[in-house]
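Peer 1: Each chain, written out:
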Amino acid sequence: MRIGVITYPGTLDDRDAQRAIRLAGGTPVPLWHADDDLKKVDAVVLPGGFSYGDYLRCGAIAAKAPATKEVIKKAQQGLPVLGICNGFQVLVESHLLPGGLIRNEHQHFICRDQKLKVENNQTAWTNLFEKDEEITIPLKNGEGGYIATQDTLKMLEEENRVVFRYLEINPNGSMNDIAGLTNERGNVVGLMPHPEHAVEPGFGPDTPVATRSGIDGLKFFQSALKALVNS
Amino acid sequence: MLKKNKAPSGVDTVENAQQEPDKEQPWKELGLKEDEYQSIREILGRRPTSSELAMYSVMWSEHCSYKSSKIYLRQFGEKVTDEMKKHLMVGMGENAGVVDIGEGLAVTFKVESHNHPSYIEPFQGAATGVGGIVRDILSMGARPVAVMDQLRFGAPQDPDTARVVHGVVDGISFYGNCLGLPNIGGETVFDKVYQGNPLVNALSIGSLKHEDLKLAKATNAGDLVILFGARTGADGIGGVSVLASETFGDEGPTKRPAVQVGDPFAEKVLIECCLELFQAGVVAGIQDLGGAGISCATSELASNGNMGMRVQLKNVLLRDESLTPEEILMSESQERMCAIVPKKHLKDFEKIVNKWEVEYSVLGEVINEDRLYIDWGHEEIVNVPPRTVAHDGPVYDRPVEYPKYQDALNADSSSTLKRAENPTEIATQLMELISSPNHADKSWITAQYDKYVMGNTALAMPDDGGMIRISEETGLGVALATDANGKYCYLDPYEGARQALAEAYRNVAVTGAVPRAVTNCLNFGSPENPEVMWQFKQATAGLADGCQELGIPVTGGNVSFYNQTGDTAIYPTPVVGVLGVIDDVARRIPSGWQDDGNNIYLLGSTYDELDGSAWAKDLHDHLGGRPPKVDLKKEKELGDLLHGAAMQGLIEAAHDVSEGGLGIAILEASLRFNVGARLWLTELMERDNLDLTAAMFSESQARVIVSVGREDDVKFQALCEARGVPVLRIGVTDKENQAVDIQGVAKLELEAIRVAWGGVLPGLY
Chain E
1 MRIGVITYPG
11 TLDDRDAQRA
21 IRLAGGTPVP
31 LWHADDDLKK
41 VDAVVLPGGF
51 SYGDYLRCGA
61 IAAKAPATKE
71 VIKKAQQGLP
81 VLGICNGFQV
91 LVESHLLPGG
101 LIRNEHQHFI
111 CRDQKLKVEN
121 NQTAWTNLFE
131 KDEEITIPLK
141 NGEGGYIATQ
151 DTLKMLEEEN
161 RVVFRYLEIN
171 PNGSMNDIAG
181 LTNERGNVVG
191 LMPHPEHAVE
201 PGFGPDTPVA
211 TRSGIDGLKF
221 FQSALKALVN
231 S
Chain D
1001 MLKKNKAPSG
1011 VDTVENAQQE
1021 PDKEQPWKEL
1031 GLKEDEYQSI
1041 REILGRRPTS
1051 SELAMYSVMW
1061 SEHCSYKSSK
1071 IYLRQFGEKV
1081 TDEMKKHLMV
1091 GMGENAGVVD
1101 IGEGLAVTFK
1111 VESHNHPSYI
1121 EPFQGAATGV
1131 GGIVRDILSM
1141 GARPVAVMDQ
1151 LRFGAPQDPD
1161 TARVVHGVVD
1171 GISFYGNCLG
1181 LPNIGGETVF
1191 DKVYQGNPLV
1201 NALSIGSLKH
1211 EDLKLAKATN
1221 AGDLVILFGA
1231 RTGADGIGGV
1241 SVLASETFGD
1251 EGPTKRPAVQ
1261 VGDPFAEKVL
1271 IECCLELFQA
1281 GVVAGIQDLG
1291 GAGISCATSE
1301 LASNGNMGMR
1311 VQLKNVLLRD
1321 ESLTPEEILM
1331 SESQERMCAI
1341 VPKKHLKDFE
1351 KIVNKWEVEY
1361 SVLGEVINED
1371 RLYIDWGHEE
1381 IVNVPPRTVA
1391 HDGPVYDRPV
1401 EYPKYQDALN
1411 ADSSSTLKRA
1421 ENPTEIATQL
1431 MELISSPNHA
1441 DKSWITAQYD
1451 KYVMGNTALA
1461 MPDDGGMIRI
1471 SEETGLGVAL
1481 ATDANGKYCY
1491 LDPYEGARQA
1501 LAEAYRNVAV
1511 TGAVPRAVTN
1521 CLNFGSPENP
1531 EVMWQFKQAT
1541 AGLADGCQEL
1551 GIPVTGGNVS
1561 FYNQTGDTAI
1571 YPTPVVGVLG
1581 VIDDVARRIP
1591 SGWQDDGNNI
1601 YLLGSTYDEL
1611 DGSAWAKDLH
1621 DHLGGRPPKV
1631 DLKKEKELGD
1641 LLHGAAMQGL
1651 IEAAHDVSEG
1661 GLGIAILEAS
1671 LRFNVGARLW
1681 LTELMERDNL
1691 DLTAAMFSES
1701 QARVIVSVGR
1711 EDDVKFQALC
1721 EARGVPVLRI
1731 GVTDKENQAV
1741 DIQGVAKLEL
1751 EAIRVAWGGV
1761 LPGLY
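Keeping their order, the protein sequence lines are chains E and D. The first sequence: position 66 = 66 (the numbering used here), numbered continuously. Residues are numbered in the numbering used here as their position in the second sequence, beginning at 1, plus a constant of 1000.
Just so you know, the hints here were simulated from the structure itself, not pulled from any lab data. Fair warning: there could be bad hints in the mix.
In silico DSSO-like pairs for lysine-lysine, Cα to Cα no more than 27 Å straight-line [said to hold, decoys possible]: (1) E/LYS115 - D/LYS1735; (2) D/LYS1355 - E/LYS73; (3) D/LYS1355 - E/LYS64; (4) E/LYS40 - D/LYS1617; (5) D/LYS1351 - E/LYS39; (6) D/LYS1344 - D/LYS1355; (7) D/LYS1537 - D/LYS1617; (8) E/LYS64 - D/LYS1351.
Can you make the complete structure from the sequences, with help from the hints?
Peer 2: Here's what the structure looks like:
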């Protein structure tokens, strides 16, 4: 299975996302922001970083890139898309997901091992998790505070579209402790924390067993491969 | 791509200089001394043009020319053996040293100061400090893979410290995170001696294949000189000469316009663009633009290659059309690089920079003549031998004088301080130390840095050293640690510098890596003060001798003088960075224990050494006497033992015993994974003839605590005995009891320690 990873100018975690796809058993395909050819990939990851320097608003310029426009079109037809951090911001700016992301409540960039609850295991990117499973993956952002209107929040909760919620600490002031969302169809998922940084023993978050041994992020990519096989 | 600029009237040309030989020139305002100005006139056989004067003034500044330090830095190149040079691919004098790490791979690393800009404008000062060192690494042909920062602030409670702390940490966070480089460690120290002169040092490390090494050289006549990256603006003009080479007066920060402004997005794009240019093989030589901007890049590229250059300054792309030629030559605008490109590769070069939407302009070409000509339109404004600008600046053997205060300082030993009379008092002191800003949890700072990006971080703060995987195939990696103890160096700069080296060496050794090379950032007061010069002379000798003893070479570094407010200099603060190599990062050792029931050993001997300690300074506000003795032979034996044990997988955790002594080390190792321990110190006190205060707080060197699984106990002890490293079991890890239980002293609950330790920095800032 071929999963594309888009590189915008200022993208940082593209190589990490490619590694995660490889470790999950997929074939990573690098995609370039200026190119509207998605190279017939089966799914797409919008990785973290500071696309276009986060100028204007995080993700706003990337949302208008030729590659993104193609992703929006295909996502509406069911292409599995995962937006991580800046990628989540791009999905929100592209209106594939509702709401907005603003400066962290405490005004600082924060990097920490973050505990999350998997609220929805019916999406293309979470089908290998148990419902309500608790996982730990790194979080690192400056503008990760999720906001939406009360109506939108109500709709997201009612339709079970909150995929991840922060546990123990809400690290950025997100409404309803929302860490990640999906679209109606469940093929598009966006989240602030970074699953691609928890895929390889020795380089993930600390666990009670051993230093840097957390690999809870791997299941995101394995889930996508499973969804693709099943479809 | 080429654009025409308006010619400002009255440009001072070479012709003018010949016609008006006696024109008054502002050499003094530009930071030159009278004899320096005279020697420029001698070199040129006429007065310099205003552009030439600008170039010489920045390139001959202390910051760029190392004129006061050169005669001492030479010993880093002289006190080396062939064995030490074995792994050294590029030594001192280039943008950064390059070290062979095996498997056809190499790393380049360097630490640099950005102290003065970071005081004036902490955010941009610190940010551009990161940006500058990263470009140094990039210009060696390497992909930057990590950063670290060494920070020294004033008194924690001083209101101005908050301004500097917030600005500096935000600046590093902003720039480093946006560049996508993991921040894997560093230091944070508070002391009122840094109040008016904080130290902001930044280190970067990059990796490359041997064949990808690039040098800052122009060697072929006809090759093009191309400036690319950000446009040139009015920021940082004269920064190096006016800022880095002068002492702050009482009027404080007023030189704001001389601080550069950083754009990490531009730098990230520039990094990727450069790496693609290197891959494509279209660049013959490359130099980053930092201090002294175009003056530095053109003269150094030409001088390094023993060639000349002809440059059209009007071809420089500007952010501000009103800039004068002198300003363009001196501007320190960030995110710019200068490449030497053979003409036949210009098309390929253009294709790649266009892909990354990076602007560029051809400034001129390399010529086979010992001359750097710079034209402004049709007028010649610079005509100089490049070597006289770049390399043959003044060299000073400045007066050196043993400080008048030194004997009294060394005589004022901490032995007069009252020691604790009972265990309760010891426990109170330990809690006081762990909750003092210098020993408190630094995660308020480090949590603002991305340590995960790139996915190769094997160790990062709060572990003793940072570690990065270089080869994903084999797990080959490098560890890095930096240290400096200004207090020790103030008491004895020679011994203090050796101690900084010893501690950085040890901090690399505890990770399981083998130390291989050294970098340094020497932060001192004014070289015009003979007592400061004595400190510098002692410290450089100590460091060079120490490196020779340990058998690891200095690969490069940086000197920062004039760190003082008025007449008061900072403590001499030679930051020493040690790089180690580890065959497989999977064998790395963290700094805290995690398993239950493992034995805790103290390696090394403890002496009653409390002079200059945290116990003396932070608890009794006393600084005097002699710093702890450094025995590098013992450090080496300890390092070898740790590596051997790591290879056999015998050690679960290893933590350096340094500032705050054994007491602080034990608490830190327990806090790392929130796993407690039971300890007993009576045997140690008997064996090494110590009282409880010395056992807990002495800062004797060459000591490490380790935890070892019971099944490996016999093997481990045998290994220690075989290598002659003193070993003593002092405790056992305890997962059940959430406490550090020091028998006969106190049982300290982990939660209580964590609250006291963790609340300090968030409370202050």
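Peer 1: Run every hint past the structure and note whether it holds.
Peer 2: Taking the hints in turn, this is what the structure says about them:
{"no.": "1", "hint": "E/LYS115 - D/LYS1735", "verdict": "holds (22 Å)"}
{"no.": "2", "hint": "D/LYS1355 - E/LYS73", "verdict": "holds (25 Å)"}
{"no.": "3", "hint": "D/LYS1355 - E/LYS64", "verdict": "holds (18 Å)"}
{"no.": "4", "hint": "E/LYS40 - D/LYS1617", "verdict": "violated (66 Å)"}
{"no.": "5", "hint": "D/LYS1351 - E/LYS39", "verdict": "holds (22 Å)"}
{"no.": "6", "hint": "D/LYS1344 - D/LYS1355", "verdict": "holds (19 Å)"}
{"no.": "7", "hint": "D/LYS1537 - D/LYS1617", "verdict": "holds (26 Å)"}
{"no.": "8", "hint": "E/LYS64 - D/LYS1351", "verdict": "holds (23 Å)"}
Violation of the numbered hints given earlier is confined to hint 4; every other hint is satisfied by the structure.
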